[in-house]
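Peer 1: Letter by letter, the sequence shown follows residues 1 to 359 of the numbering used here.
Mixed in with the good hints, there may be bad ones.
Below, computed lysine-lysine pairings styled on DSSO-like, alpha-carbon distance capped at 27 Å [to be verified]: (1) Lys-263 to Lys-293; (2) Lys-61 to Lys-263; (3) Lys-61 to Lys-293.
Cβ-Cβ distance ranges computed for the label pairs, FRET-style [said to hold, decoys possible]: (4) Pro-4 to Ser-52: 30 to 38 Å; (5) Pro-27 to Pro-327: 23 to 31 Å; (6) Arg-256 to Gln-232: 39 to 47 Å; (7) Asp-105 to Gly-359: 40 to 48 Å; (8) Pro-327 to Glu-205: 20 to 28 Å; (9) Gly-359 to Pro-19: 22 to 30 Å; (10) Phe-109 to Pro-70: 29 to 37 Å; (11) Asp-253 to Lys-61: 26 to 34 Å.
Hints listed in this document are in silico derivations from the structure and should not be mistaken for laboratory results.
Cβ atoms here follow ideal geometry from the backbone N, Cα and C, with glycine treated the same way.
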Amino acid sequence: MSVPSWIPRLERERLAILPPAPAIDAPDIADRVRGMLLGVAIGDALGNRSESMNPAEREAKYGRIVGYLPSRYADGAPAGTPSDDTQLTFRAVEQLLADGALVPDELAFRIANDRIFGIGRSTRDFCNALRTGAPWWEATQLSAGNGALMRIAPTVLPHLLKGGTDVWYDTALSAAVTHNDAMAISSSVAWIALLWRLLNGDLPEAPAEWLETYTEVLRVLDHGQSYESRVQSGALQHWRGSLSAMLDTQVRDAVRRGVSVRKTGEQWYSGAYLLETVPAVLHILAQHGHDPKEAMLVAVNDTRDNDTIAAIVGAAMGAAHGTAWIPEDWRSGLLGRVNGDDVGKVFELTELAIGRFLG
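Could you build the full structure based on these sequences and the hints that come with them?
Peer 2: Given below as structure tokens:
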């Protein structure tokens, strides 16, 4: 069976425009990587017991969530248990540890080889197709959901000490394993570019700078792309354009005016569609990027797809601030599972990744 020379639905020529990522030289890079990976698991665990609820209804039921909710996977006790965000992120870590670099066939196998809690539709369809014997490049889905973005952070690991351009191509390939859609790929590459800057200790100073750091890469990649909003009323009803256009207009204006994340969730929604997820994430970072605990709490309480949005925000906050900010009850209450009853696996894989890729 011949493998296509380039599978992602994003032109290689666009990626070639991006400058090489500089080698990471932040002295505390190990703690930043630790924070990035644990941030995914903590954000997911804080949110997944109340996923998809309207924020007002969530508040009426739980008040403001500030810790882990009771989980049926922990005998009803409050505990940090995983869903697909954590599982797929750390299956990606496992693949990189096993092979030393991204191997799409192996990543696809690890994604589909065990149960996924709270699996999204596109990832489920991918897994079903892969299990019938289709190669990953045929099983992959033409989906602009957030299932690739949520698991993409570990892609940086093999590249940290050398930088270069390969990280952009690896990110495109990794995203395309499950979500071979132009917005899914371009949003993931731009996200890795932002994480790279944060891991290097270069934090945006002004709210708008968080947004610009992401969109300056995204504009190169998504020029000419056009997607339609799912919003059924208001200014964004029937809105069509690129993700960068959405960020440059709607989100930039909300940041400038200081509109709350919950309020803008009514404007562009905050679900699993990337035209909703990414605006919510960037709005949270612009408003709260220098207060990582508050950024996480806003993600958990004020968005709909709150576990995934909090997992993505958690990756950024860990990359930016390391682990010192993480409340003790969030750390100690995280069971650290990836698959089944493997308590502590998240912590084990995190330390193995630091040892393997940072020497």
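Peer 1: Confirm or reject each hint.
Peer 2: Cross-check of the supplied hints:
Between the alpha carbons of Lys-263 and Lys-293 the distance comes to roughly 20 Å, so the proposed pair stays at or under 27 Å and holds. For the given pair, Lys-61 sits about 19 Å from Lys-263 by alpha-carbon distance, which is consistent with the 27 Å threshold. A threshold of 27 Å between alpha carbons decides the hint, and for Lys-61 with Lys-293 the separation of about 22 Å falls inside it, so the pair holds. At about 36 Å, the CB distance of Pro-4 to Ser-52 agrees with the hint of 30 to 38 Å.
About 25 Å separates the C-beta atoms of Pro-27 and Pro-327, a value consistent with the hinted range of 23 to 31 Å. Taken as a hint, the range 39 to 47 Å is violated for the pair Arg-256 and Gln-232, whose Cβ atoms sit roughly 26 Å apart. A beta carbon spacing of about 27 Å between Asp-105 and Gly-359 contradicts the range 40 to 48 Å that was offered as a hint. At roughly 25 Å, the beta-carbon separation of Pro-327 and Glu-205 lies within the given 20 to 28 Å, and the hint holds.
The hint said 22 to 30 Å for the Cβ distance between Gly-359 and Pro-19, and at roughly 25 Å that hint holds. Taking the beta carbon of each, Phe-109 and Pro-70 are about 34 Å apart, inside 29 to 37 Å as hinted. Between Asp-253 and Lys-61, the C-beta spacing of about 32 Å keeps the proposed range 26 to 34 Å intact.
Of the numbered hints given earlier, the model fails hints 6, 7; all others are met.
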